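S.K.: Chain by chain, the residues run as shown.
Protein chains: 2
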Amino acid sequence: MVNVAILGFGVVGSGAAEVLTDNRRVIEKNLGETVTVKRILDLRDFPDSPFGALVTHDFNDILNDPEITVVAEMMGGSHPAYDFTKACLEAGKSVVTSNKEVVANFGAELLELAAKNGVRYLFEASVGGGIPIIRPMVNDLASNEILSVNGILNGTTNYILTQMLENGAAYDDVLKDAQKKGYAERNPAADVEGLDAARKIVILAALAFGKLLNPNEIHCEGITKITTEDAEFAKDNGYAVKLIGHAELVDGRVLAMVSPRLVPCSNPLAGVSDVFNGILVDANMLGECMFYGKGAGKLPTASAVVADIIDIVAHRGKTERAPKFEVAAEADYADFGAYKCRTMLAFADKADSYEKLEALFGVTPKLSHGRIVLVTKEMTEAELDAKLAESGLKVLSRIRLL
Amino acid sequence: MVNVAILGFGVVGSGAAEVLTDNRRVIEKNLGETVTVKRILDLRDFPDSPFGALVTHDFNDILNDPEITVVAEMMGGSHPAYDFTKACLEAGKSVVTSNKEVVANFGAELLELAAKNGVRYLFEASVGGGIPIIRPMVNDLASNEILSVNGILNGTTNYILTQMLENGAAYDDVLKDAQKKGYAERNPAADVEGLDAARKIVILAALAFGKLLNPNEIHCEGITKITTEDAEFAKDNGYAVKLIGHAELVDGRVLAMVSPRLVPCSNPLAGVSDVFNGILVDANMLGECMFYGKGAGKLPTASAVVADIIDIVAHRGKTERAPKFEVAAEADYADFGAYKCRTMLAFADKADSYEKLEALFGVTPKLSHGRIVLVTKEMTEAELDAKLAESGLKVLSRIRLL
Numbered sequence: 004m005v006n007v008a009i010l011g012f013g014v015v016g017s018g019a020a021e022v023l024t025d026n027r028r029v030i031e032k033n034l035g036e037t038v039t040v041k042r043i044l045d046l047r048d049f050p051d052s053p054f055g056a057l058v059t060h061d062f063n064d065i066l067n068d069p070e071i072t073v074v075a076e077m078m079g080g081s082h083p084a085y086d087f088t089k090a091c092l093e094a095g096k097s098v099v100t101s102n103k104e105v106v107a108n109f110g111a112e113l114l115e116l117a118a119k120n121g122v123r124y125l126f127e128a129s130v131g132g133g134i135p136i137i138r139p140m141v142n143d144l145a146s147n148e149i150l151s152v153n154g155i156l157n158g159t160t161n162y163i164l165t166q167m168l169e170n171g172a173a174y175d176d177v178l179k180d181a182q183k184k185g186y187a188e189r190n191p192a193a194d195v196e197g198l199d200a201a202r203k204i205v206i207l208a209a210l211a212f213g214k215l216l217n218p219n220e221i222h223c224e225g226i227t228k229i230t231t232e233d234a235e236f237a238k239d240n241g242y243a244v245k246l247i248g249h250a251e252l253v254d255g256r257v258l259a260m261v262s263p264r265l266v267p268c269s270n271p272l273a274g275v276s277d278v279f280n281g282i283l284v285d286a287n288m289l290g291e292c293m294f295y296g297k298g299a300g301k302l303p304t305a306s307a308v309v310a311d312i313i314d315i316v317a318h319r320g321k322t323e324r325a326p327k328f329e330v331a332a333e334a335d336y337a338d339f340g341a342y343k344c345r346t347m348l349a350f351a352d353k354a355d356s357y358e359k360l361e362a363l364f365g366v367t368p369k370l371s372h373g374r375i376v377l378v379t380k381e382m383t384e385a386e387l388d389a390k391l392a393e394s395g396l397k398v399l400s401r402i403r404l405l
Numbered sequence: 004m005v006n007v008a009i010l011g012f013g014v015v016g017s018g019a020a021e022v023l024t025d026n027r028r029v030i031e032k033n034l035g036e037t038v039t040v041k042r043i044l045d046l047r048d049f050p051d052s053p054f055g056a057l058v059t060h061d062f063n064d065i066l067n068d069p070e071i072t073v074v075a076e077m078m079g080g081s082h083p084a085y086d087f088t089k090a091c092l093e094a095g096k097s098v099v100t101s102n103k104e105v106v107a108n109f110g111a112e113l114l115e116l117a118a119k120n121g122v123r124y125l126f127e128a129s130v131g132g133g134i135p136i137i138r139p140m141v142n143d144l145a146s147n148e149i150l151s152v153n154g155i156l157n158g159t160t161n162y163i164l165t166q167m168l169e170n171g172a173a174y175d176d177v178l179k180d181a182q183k184k185g186y187a188e189r190n191p192a193a194d195v196e197g198l199d200a201a202r203k204i205v206i207l208a209a210l211a212f213g214k215l216l217n218p219n220e221i222h223c224e225g226i227t228k229i230t231t232e233d234a235e236f237a238k239d240n241g242y243a244v245k246l247i248g249h250a251e252l253v254d255g256r257v258l259a260m261v262s263p264r265l266v267p268c269s270n271p272l273a274g275v276s277d278v279f280n281g282i283l284v285d286a287n288m289l290g291e292c293m294f295y296g297k298g299a300g301k302l303p304t305a306s307a308v309v310a311d312i313i314d315i316v317a318h319r320g321k322t323e324r325a326p327k328f329e330v331a332a333e334a335d336y337a338d339f340g341a342y343k344c345r346t347m348l349a350f351a352d353k354a355d356s357y358e359k360l361e362a363l364f365g366v367t368p369k370l371s372h373g374r375i376v377l378v379t380k381e382m383t384e385a386e387l388d389a390k391l392a393e394s395g396l397k398v399l400s401r402i403r404l405l
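Line order of the protein sequences matches chains A and B.
To convert, note that position 16 of the first sequence is 19 in my numbering; the numbers rise steadily by one, no gaps.
To convert, note that position 320 of the second sequence is 323 in my numbering; the numbers rise steadily by one, no gaps.
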């Protein structure tokens with residue numbers, strides 16, 4: 004029998020207890036062992052929960068219990084989650100987590116600490132909720148060089164963008180509706196400004212390229228500026244609008260970014276709708292493969308946490324296949340100005356702008372829903388910035404293509 | 004350094020040698036060890052290949068070489084692939100394979116043999132080519148009860164059906180075109196009659212439900228009877244037509260089947276086009292997740308073979324997380340007559356058929372491209388058979404919905 008402790012009995016934490024209980028039989032069958040929740044750490048009491056008797060308010064009850072060998076951290080936030088994780092690893096306990104903030108900020112250090120102490124630190128649930136993506140990248144794609152990662156990594160923003168495209172609704176109205184339905188939080192900033200996706204793409208970039216970038220130091224645009232005219236243009240021209248976390252190597256250095264993108268309908272990410280997530284990995288031998296499913300939610304995310312617990316129990320004492328990456332030095336960050344793509348640009352409809360834009364960009368602008376719109380050829384961010392400055396025109400929308 | 008042998012230097016076998024060579028650096032980085040091809044078994048000589056000097060015609064050169072610890076079987080066909088695999092496992096060598104025929108026919112026995120000898124038998128490449136699906140099902144979904152598996156498992160037929168739907172072309176013409184392009188073999192029977200998909204769905208069903216069915220004893224329909232009228236009806240009504248391998252439990256027993264399906268466009272499998280594969284797994288905690296990518300081809304398939312080799316080297320001496328299933332007894336097979344779904348039926352356009360069909364099925368038939376078409380309510384195969392017999396009408400098309 005394996006005893007685990009749960010840190011944080013919120014949505015995902017209580018979900019993990021539920022998965023371990025309700026799926027006890029299938030887990031025992033797959034693992035050949037019983038996994039039992041022995042203690043739960045939370046500031047609150049849960050007198051009505053069947054797990055209420057396991058709750059403690061003192062972390063030391065878990066840290067100092069030698070019978071607890073695996074700890075599942077689902078507290079959210081950097082502190083004290085990071086501090087508790089560190090203490091557990093140093094005490095020889097393996098840790099699994101759904102906490103993308105801790106992984107994105109401290110993952111390299113915690114992996115090193117786990118290796119030093121002969122235990123494991125796993126974080127399948129930190130990206131893509133329940134979708135298997137971390138383990139497949141570490142194991143199944145180990146025979147491949149990763150060329151790029153493109154992911155719809157945030158269900159809230161994907162729900163909003165899907166509604167805007169399908170129903171022609173305005174951003175503010177859809178956000179309110181999403182808040183009513185519980186798809187968006189009352190303070191939606193971390194989702195709609197892109198920080199949540201930024202944390203996830205730096206984790207995927209670390210797995211792909213070995214360097215953990217700071218999520219606060221990558222290019223990060225949210226969806227708050229997407230207009231109904233942008234959505235109309237996309238629909239008219241065979242694109243979906245998606246908030247994409249993108250990572251690739253540029254001149255041998257790591258580029259990770261989050262921004263809205265026009266995704267051609269032929270791209271499998273274009274079909275990832277509503278609160279679903281999808282992660283498209285391009286690998287040098289395999290080509291493109293996509294992982295799709297529920298990127299959030301209590302039970303899906305908890306099922307990934309429990310899969311990590313099972314992995315640890317099954318491979319007890321084996322730490323070799325741990326993901327390995329290090330904190331990126333300044334020289335590891337790609338120059339964002341050197342990133343190349345095509346971009347959709349929209350301007351106010353003024354008669355003399357057409358010729359100017361055609362001369363500058365070598366493509367013919369079109370009138371679209373009251374704006375002059377063009378899609379550039381492939382060029383670097385720096386080249387595009389320079390051309391826009393030269394034009395002297397005010398850009399109403401600037402959305403990259405995928 | 005780990006020495007591997009390759010059995011069968013055809014498309015996938017030569018691809019595996021290429022992946023191991025061209026991706027040597029990334030594999031060494033991920034694994035911390037070098038993997039070297041020491042011998043290659045084939046009936047032919049390859050004087051122009053850079054690997055030509057490694058070729059032997061004598062299996063004993065591999066079997067009796069104690070330095071070779073992992074053998075990659077990519078011969079195709081049951082014999083001698085099965086016999087060589089057995090000999091290798093008995094000699095204490097782990098075996099990886101892309102050979103779905105061997106896994107579908109002998110997988111349970113070979114897994115048991117591997118466990119008995121403390122080695123491993125892995126077959127990621129046997130389903131979905133390069134798409135990670137076997138390892139994710141065994142590891143990432145270990146916390147879930149699997150409810151159903153639905154897969155587009157054959158690229159040849161998916162290419163043909165995509166062309167029929169998108170270009171309105173007739174089956175025979177598209178098949179000829181696919182043969183010209185190398186997407187279909189000169190004798191396309193195993194693909195278009197569904198046997199290839201049947202082998203793959205019994206492997207997935209074994210992972211999901213623990214019982215390995217005989218691929219020759221499950222319900223298996225190919226795509227040869229799909230007409231342009233069927234494709235037109237699908238297009239008009241928001242469906243794609245896909246050859247689907249399906250598995251679920253019916254009354255606690257395993258049902259696996261292959262048949263064309265009308266897939267609603269809202270289902271992510273509907274967007275899996277051309278030679279791509281997609282596998283949608285429904286799990287009790289995670290919900291639906293999909294794995295998508297190149298289901299065939301030299302390098303994608305080879306990259307999965309090499310991922311299995313890496314898995315074995317990384318977990319040397321650990322055999323606990325091996326997939327486990329046993330050969331299905333007769334009582335493990337679900338009664339196909341009890342399988343429930345909705346079905347599209349087409350009949351010749353005769354005036355007196357409308358009322359008869361409406362009375363029998365309780366839905367209003369419609370005229371569609373010269374045929375009377377209806378979509379039944381959900382009912383069992385047996386109920387549908389009985390109603391059709393009662394109608395006395397000749398069915399022109401009968402395609403299940405997904």
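Any given hint might turn out to be false.
The list that follows gives simulated cross-link-like pairs (lysine-lysine, DSBU-like), each with its CA atoms no further than 30 Å apart [as the list claims (entries may be wrong)]:
1) A/Lys-89 - B/Lys-327
2) A/Lys-359 - A/Lys-390
3) A/Lys-327 - B/Lys-238
4) A/Lys-343 - B/Lys-32
5) B/Lys-359 - A/Lys-32
6) B/Lys-390 - A/Lys-238
7) A/Lys-32 - B/Lys-119
8) B/Lys-327 - A/Lys-41
9) B/Lys-238 - A/Lys-119
10) B/Lys-89 - A/Lys-327
11) A/Lys-32 - B/Lys-343
12) A/Lys-32 - B/Lys-89
Per the computed footprint, the stretches of chain B lying under chain A, defined by three or more beta-carbons under 8 Å from a beta-carbon of chain A, are [stated by the list, open to error]:
13) 106 to 114
14) 131 to 139
No wet-lab data here; the hints were simulated from the structure.
Nothing here was measured: the structure is a model prediction, and the numbers come from that model.
Ideal placement from N, C-alpha and C gives every residue a C-beta, glycine not left out.
S.K.: What are the numbers of the hints that this structure violates, sorted from low to high?
M.R.: 1, 3, 5, 6, 9, 10 and 13
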